[in-house]
Every structure is written in C-alpha cells, then in structure tokens.
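Following the hints, put chain B in place on chain A, whose structure we already have.
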Amino acid sequence: DGGITQSPKYLFRKEGQNVTLSCEQNLNHDAMYWYRQDPGQGLRLIYYSQIVNDFQKGDIAEGYSVSREKKESFPLTVTSAQKNPTAFYLCASSSGGQRQETQYFGPGTRLLVL
Amino acid sequence: GNSVTQMEGPVTLSEEAFLTINCTYTATGYPSLFWYVQYPGEGLQLLLKATKADDKGSNKGFEATYRKETTSFHLEKGSVQVSDSAVYFCARGNFNKFYFGSGTKLNVKP
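Chains as they are written, first to last, in our numbering: chain A, 3 to 116; chain B, 1453 to 1562.
Since the hints were made in silico from the structure, they are not lab data.
Keep in mind that the hints are not guaranteed to be accurate.
[As the list claims (entries may be wrong)] The calculated DSS-like cross-link candidates involving lysine-lysine, where the alpha carbons are at most 25 Å apart (straight line), are: (1) A:K11 x B:K1557; (2) B:K1549 x B:K1520; (3) B:K1549 x A:K73; (4) A:K59 x B:K1549.
[Claimed, not checked] Residues from chain A that keep clear of chain B, each with C-beta distances beyond 12 Å, as calculated: (5) F14; (6) N20; (7) N55; (8) T81.
Note that CB positions come from ideal geometry on N, CA and C, so glycine has one too.
Same shape as in the complex, but just chain A (with noise of 0.2 Å):
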C-alpha cells in the first residue's frame, strides 16, 4: 500500500537536546512538508521541499532543521534551541509543482518534552 509514515508515534526531548523525526512516502511524490499542531490550533507550516536536495523555510523555520537527500524522506530535526517544541508534528506530501496538488499526511508524532 502507499502511503506516508513518520516515526516514532511518541518522542520524548531531554532539555538541551536535539531529536530527528523521521517522514516516509512511497507515493513517488515531488514535494515533503512539515506541520506543528498545537492543541485545539490549526497547522503551521514549518519547512516544505519541492525536489530532492532543495528545501525552503516555511512560516516558523527556526529552531529546526531538514535535510532532503533522497525523493522518499524528508527527516525534520528539531534542535535545542526550540524553546517550546511540545506538539504534534505532520509531515505531507504531494506530486507538487504548480497545480495546487492534493497533500497527503502521515499519523503524526507526538514531541513530548521531559
């Protein structure tokens, strides 16, 4: 079946610490994004990719990272100098280019901060 997946379903962040998710598709998809969902908000968009080796800053870039090396994956790594990053992380994807194509999501990963 094709589809998206992230893992893990639950991460749990250490102070000073810097965690990777991670993000999958097997739909031979052009374009990667990442979400933040904060409870009872909508989705704010942090980093987007519209081809392998190039990304761009989406709305609340910083205090995270990405890497886009191979069409399937677009890890996002959330640094420590993300002072608030508990929520829930989306990553989607779609055939991109300029027609507007319809995202797909993945499950999300729950950021837990200990």
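Below, chain B without anything else, positioned relative to chain A:
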C-alpha cells in the same frame, strides 16, 4: 493577503441533524480548495476538494461548492452520524504551499 477563515467550534449536533461548517478564503487568482478531517490522535485525511469556480466536491455524504463570488467553500452534510465526530479543516492551495483554517471540532451526540 492569503488566508482561510472557518467558523469556530465546537459544533454540537444530534445524530441525523444537518451540518454546515462555514469557510471563507482570501486569495488572488483561482486557488484549489480542500476540506480535510482529523480524528483524535491521527493525521489529516482528505475529505473533498474543488479546483475551480462552481465545482462541487463530495464524499461520504459531505459536500462543498466553490463559490468565487462569495469566496466561500462551506461544508455541508444532510444527516450527520456519531462517527462524523472529528475536527474539520478548510484549506486553500497556493502554488507550492497550503493555507489551513484553524479547524472546527464537531461533536455528534447519539
């Protein structure tokens, strides 16, 4: 600007009631419009979409019509079920980015 505004929740209905969740957008040009649904602890699932004016998206009894003259994309369902309880997000495409509304929580009571 580019934004999406949807009615605040929670919306509480009895089973078989009629549902409307309002969504309006601001945009230049002709964006694609989407409704997504999120069940507790899960990611978002596409519910329906419309790509041009006067298009009607529909799925699982839900409908929404792309109204360019009122810049709206209201979600409707004639008879809700308990299993429809979830958070609903309106979204618009903008080339390589999406803009999401803040979400509307729907509670359906038996």
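Hint check, failures only: none
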